[in-house]
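Colleague: Now for the letters of each chain:
There are 2 protein chains.
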Amino acid sequence: MAKKEEIQHDCEHCHARYKSIFCQIAPDEVKIINENKWCQSLEKGQQLFAEGAYPHGIFCVNTGKIKIHQMGDEGREQIVRFAKEGDVVGYRAMLAGEKYSNSATAIDTTSICFIPKNVIFSLIEKDSNFSIQLIKLLSSNLKHAEESILHLAQKPVRERMAESLLFLKELYGLESDGITMSVSLSREEIATLVGTATETAIRLLSEFKSKKLVSFEGRKIQIIDVQGLLKVANIHD
Amino acid sequence: MAKKEEIQHDCEHCHARYKSIFCQIAPDEVKIINENKWCQSLEKGQQLFAEGAYPHGIFCVNTGKIKIHQMGDEGREQIVRFAKEGDVVGYRAMLAGEKYSNSATAIDTTSICFIPKNVIFSLIEKDSNFSIQLIKLLSSNLKHAEESILHLAQKPVRERMAESLLFLKELYGLESDGITMSVSLSREEIATLVGTATETAIRLLSEFKSKKLVSFEGRKIQIIDVQGLLKVANIHD
DNA sequence: TTTAAGATATGACATTTATCATATTTTTAA
DNA sequence: TTAAAAATATGATAAATGTCATATCTTAAA
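Those protein sequences? They're chains R and S, same order as listed. Those letters in the first sequence? Residues 1 to 237, per my numbering, in order. Those letters in the second sequence? Residues 1001 to 1237, per my numbering, in order.
Where hints are given, some of them may not hold.
[As the list claims (entries may be wrong)] Derived pair list, reagent style DSS-like, types lysine-lysine, alpha-carbon separation capped at 27 Å:
id, chain 1, residue 1, chain 2, residue 2
1, S, 1169, S, 1155
2, S, 1126, S, 1155
3, S, 1155, R, 155
4, S, 1169, R, 99
5, S, 1099, R, 19
[To be verified] Per label pair, the in silico range of CB-to-CB distance:
id, chain 1, residue 1, chain 2, residue 2, range
6, R, 116, S, 1198, 42 to 52 Å
7, R, 97, S, 1122, 23 to 33 Å
8, R, 198, S, 1047, 34 to 44 Å
9, R, 18, S, 1126, 24 to 34 Å
10, R, 116, S, 1074, 42 to 52 Å
11, R, 38, S, 1054, 37 to 47 Å
12, R, 207, S, 1140, 31 to 41 Å
It is worth saying that the hints were derived from the structure and are not from the lab. Virtual Cβ for every residue (Gly too), placed ideally from N, Cα, C.
Build out the structure end to end from the sequences listed, making use of the hints.
Modeller: Shown next as structure tokens:
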């Protein structure tokens, strides 16, 4: 478990809430959440929860970046999803009443709020609109997961790499210079996202660099040629 | 769209309903569903809905087998999920208010019921327990999808093939002889499930046959050695 | 700073898997 | 039944990708 910080945010005016599944709930419900929530802060690399543990509530990302990952054979990690501001993590296992089937780790300094199980279930009971928000969130995650299945099964690694870079650019955006990706992952992490060996990921990134599709600024990747990447990813219109 | 049959089943005593997300709903709600539903029958190979179309309700499988598949590049199909008796299909897109992101096709003679959108949404509004059932269904689908991502990214084809055979055996069961799989898929379909080329799938199945892990009876596959398949699939305990 | 540890990079090579070609078998339709 | 079409099977080969080895660079710790 992550170390707990004493800073308690105010849910009512929370910028992340407006983007979250809690965006439409009634003021008294916001108050209940506010009184029962718990905020914590995570350093890059800190784990929020681990595969196999039991969930007691859900986590709402306030600021920062989280990766949802799973252990495969021989200890190889696989990134299956990301979360950013306004996203909810750890909800799948909690709603299903199961152990976590994957782990969540901060990939940047991250501030999250914990909302206990009973608060969520009473919200589902009282507010059907909230249920619909949850259902839409799950639906969206499922859609993306099934797209990943399609691409892992059918696209070659080079295409998936280009696609992953564009995906990360879309998801976390660029820094103010307009080219540097906000998210910074190690080559190994990129490999586990793309679904390939670390060396292959490194080689492909070098290739993309030599083709002037991307450039490297320290550990950060800069997107130089979006059109070129789309072409490599075999994505049209 | 599939051809419509006039046989209207009775939801109250429906064997499939007891296994479905509708298993706990109130009698008057069952009555409403019964009055608004529409039953149809599909031949093997008939499509229930197609990627890109707009959903107007959900389908509940009464008897039979359905594959959920998606088109990839160069028209290659990818199977992402299956449905059997009591399963609901076509709900993701409907709930999210989007076009179908995949298609559903009968892989056996199948009888399904169509339940209109408005009936489902009013159920969500009235019955929070029904929402939870839906949420659990989505959760379970998401969990399986993320497991597939892990396996596609990390397991070699041979392991995935063994795993897929065991998965199909679990899902659709065996015939009364105790060895023949109830579901019958073409080699090409198996390939799109496993995520490989048809020739590779054929070779692997021949290999499994020569290793006495499976045998073929016409188009049907018989599971001879579960332990052996588990070993090839690299699944322990 | 200096050293050690970790990350990135690259070459050589092995392995896996896909593709193409072509039989053979099975199913479908005339 | 017979021919045509589709599915299954198998060999030869190419292409993609993974693995191992090793070098270089970067970061963190002493």
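Colleague: All hints are to be evaluated individually against the structure, with a verdict given for each.
Modeller: For each hint, the structure was consulted:
Pair hint residue 1169 of chain S plus residue 1155 of chain S holds up; C-alpha atoms about 20 Å apart against a cutoff of 27 Å. For the given pair, residue 1126 of chain S sits about 44 Å from residue 1155 of chain S by alpha-carbon distance, which is inconsistent with the 27 Å threshold. Straight-line distance between C-alpha atoms of residue 1155 of chain S and residue 155 of chain R comes to about 16 Å, which keeps the hinted pair within the 27 Å bound. For the hint linking residue 1169 of chain S to residue 99 of chain R, the alpha-carbon distance of about 25 Å falls within 27 Å, and the restraint holds.
Proximity of residue 1099 of chain S to residue 19 of chain R is assessed by CA-CA distance (about 23 Å); at most 27 Å being required, the pair is judged to hold. One distance hint, 42 to 52 Å for the beta-carbon pair residue 116 of chain R and residue 1198 of chain S, holds here, with the actual separation near 51 Å. Hint check: residue 97 of chain R to residue 1122 of chain S, Cβ distance near 26 Å, so the stated range 23 to 33 Å holds. The beta-carbon spacing between residue 198 of chain R and residue 1047 of chain S, approximately 42 Å, falls within the hinted interval of 34 to 44 Å.
Look at residue 18 of chain R against residue 1126 of chain S: about 28 Å separates their beta carbons, and that is inside 24 to 34 Å. Between residue 116 of chain R and residue 1074 of chain S the beta carbons are some 49 Å apart, a value that agrees with the proposed interval 42 to 52 Å. Between residue 38 of chain R and residue 1054 of chain S the C-beta distance comes to about 42 Å, which sits within the given range of 37 to 47 Å. At roughly 40 Å, the beta-carbon separation of residue 207 of chain R and residue 1140 of chain S lies within the given 31 to 41 Å, and the hint holds.
In the structure shown, a violation is registered for the earlier hint numbered 2 alone.
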